[in-house]
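Colleague: In order, the protein sequences belong to chains A and B. Residue 78 in this note's numbering sits at position 78 of the first sequence, with consecutive numbering throughout. Whatever position you read off the second sequence (first residue = 1), add 1000 for this note's numbering.
Calculated from the structure, these hints are not laboratory results. Keep in mind that a hint or two might mislead.
Claimed, not checked - Which residues of chain B face chain A? A partial, calculated answer using Cβ under 8 Å:
id: 1; residue: Tyr1033
id: 2; residue: Gln1041
id: 3; residue: Gly1042
id: 4; residue: Leu1043
id: 5; residue: Gln1050
id: 6; residue: Phe1065
id: 7; residue: Gln1104
id: 8; residue: Pro1108
id: 9; residue: Gly1109
Unchecked claim - Below 25 Å or equal to it, Euclidean Cα-Cα: the simulated BS3-like pairs (lysine-lysine) are:
id: 10; chain 1: A; residue 1: Lys58; chain 2: A; residue 2: Lys71
id: 11; chain 1: A; residue 1: Lys22; chain 2: A; residue 2: Lys68
id: 12; chain 1: A; residue 1: Lys106; chain 2: B; residue 2: Lys1057
id: 13; chain 1: A; residue 1: Lys106; chain 2: A; residue 2: Lys71
id: 14; chain 1: B; residue 1: Lys1011; chain 2: A; residue 2: Lys42
id: 15; chain 1: A; residue 1: Lys37; chain 2: A; residue 2: Lys58
Every residue gets a Cβ at the ideal spot worked out from N, C-alpha and C, and that includes glycine.
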Amino acid sequence: GENVEQHPSTLSVQEGDSAVIKCTYSDSASNYFPWYKQELGKRPQLIIDIRSNVGEKKDQRIAVTLNKTAKHFSLHITETQPEDSAVYFCAASGPASGYSTLTFGKGTMLLVSP
Amino acid sequence: GAGVSQSPSNKVTEKGKDVELRCDPISGHTALYWYRQSLGQGLEFLIYFQGNSAPDKSGLPSDRFSAERTGGSVSTLTIQRTQQEDSAVYLCASSPFSGRDNEQFFGPGTRLTVL
Chain A
1 GENVEQHPST LSVQEGDSAV IKCTYSDSAS NYFPWYKQEL GKRPQLIIDI
51 RSNVGEKKDQ RIAVTLNKTA KHFSLHITET QPEDSAVYFC AASGPASGYS
101 TLTFGKGTML LVSP
Chain B
1001 GAGVSQSPSN KVTEKGKDVE LRCDPISGHT ALYWYRQSLG QGLEFLIYFQ
1051 GNSAPDKSGL PSDRFSAERT GGSVSTLTIQ RTQQEDSAVY LCASSPFSGR
1101 DNEQFFGPGT RLTVL
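Pulled out of the complex, with its shape left as it was, chain A reads as follows (with noise of 0.2 Å):
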């Protein structure tokens, strides 16, 4: 099945700061790449996702890239903001589930110093 590993398990920036969070998976032929934002003691919320067909989307501060020949693909935040702070969580869908469920990685720590 799929395997998705997520790099670093925590991250600390001063607010401002750009922070660059990477994933890797291992079915090459996954194709929907979602990202998760869990604040502490809240639920996950999806924050962005891109699909194969596609290498980076953007909305406002946050940007994924994708590389599916390295299969691996990141989170980008600009401008980091004391409110960024919370648990990061990758995740990628193939056809080993029949694209009907995610695979997650571990998630990264985000901490945002004002």
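Fit chain B to the given chain A structure using the hints.
Modeller: Frame of chain A, contents of chain B only:
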């Protein structure tokens, strides 16, 4: 509208007891998922329901775990003979269609503590 709800929010039980966790998905959502989230771990997939199809149980860690979904809506996750390693937050999510390439909407979770 109302989001995904779960009950109870917290459950403390003794080792060996059975527990039932409930999930109410968003009305009209046909796909329902259960995940387990342990400290420092990601979201571990447990089981997936889609409409009236047979559930995908491939993520259930042992035969002590089972789940059902009645009437295509409410779901119950049952853990029999609980063990301390079952302690975790159990999250439920629903999705409007088949789940494929669709956002999953998560509930607030049930924190299970097995003493």
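Colleague: Decide, hint by hint, whether the structure agrees.
Modeller: These are the hints, each one checked on the structure:
1. The beta carbon of B/Tyr1033 is positioned within 8 Å of a beta carbon in chain A (closest approach about 7 Å), and the interface hint is therefore held.
2. The interface hint given for B/Gln1041 holds, since its Cβ lies 6 Å from the closest Cβ of chain A, which is under the 8 Å cut-off.
3. With a cut of 8 Å, the hint placing B/Gly1042 at the interface with chain A holds, because the nearest CB-to-CB distance is about 4 Å.
4. The beta carbon of B/Leu1043 is positioned within 8 Å of a beta carbon in chain A (closest approach about 4 Å), and the interface hint is therefore held.
5. Among the interface hints, the one on B/Gln1050 holds; its C-beta lies about 7 Å from the nearest C-beta in chain A, closer than the 8 Å criterion.
6. Hint on B/Phe1065 is violated. Least Cβ distance to chain A is approximately 16 Å, over the 8 Å limit.
7. Because the beta carbon of B/Gln1104 sits about 7 Å from the nearest beta carbon in chain A, less than 8 Å, this interface hint is met.
8. Look at B/Pro1108: its Cβ gets to within about 5 Å of chain A, closer than 8 Å, so that hint holds up.
9. Satisfaction of the interface hint for B/Gly1109 is found here, the shortest Cβ-Cβ separation to chain A being roughly 7 Å, below the 8 Å cut-off.
10. A threshold of 25 Å between alpha carbons decides the hint, and for A/Lys58 with A/Lys71 the separation of about 19 Å falls inside it, so the pair holds.
11. Taken as a hint, the A/Lys22 and A/Lys68 pair is honoured in the structure, with Cα atoms around 13 Å apart against an allowance of 25 Å.
12. Taken as a hint, the A/Lys106 and B/Lys1057 pair is honoured in the structure, with Cα atoms around 21 Å apart against an allowance of 25 Å.
13. Pair hint A/Lys106 plus A/Lys71 holds up; C-alpha atoms about 17 Å apart against a cutoff of 25 Å.
14. Among the hinted pairs, B/Lys1011 with A/Lys42 is consistent with the structure: their alpha-carbon atoms are about 17 Å apart, no more than 25 Å.
15. For the hint pairing A/Lys37 with A/Lys58, the CA-to-CA distance comes to about 16 Å; that is within 25 Å, so the pair holds.
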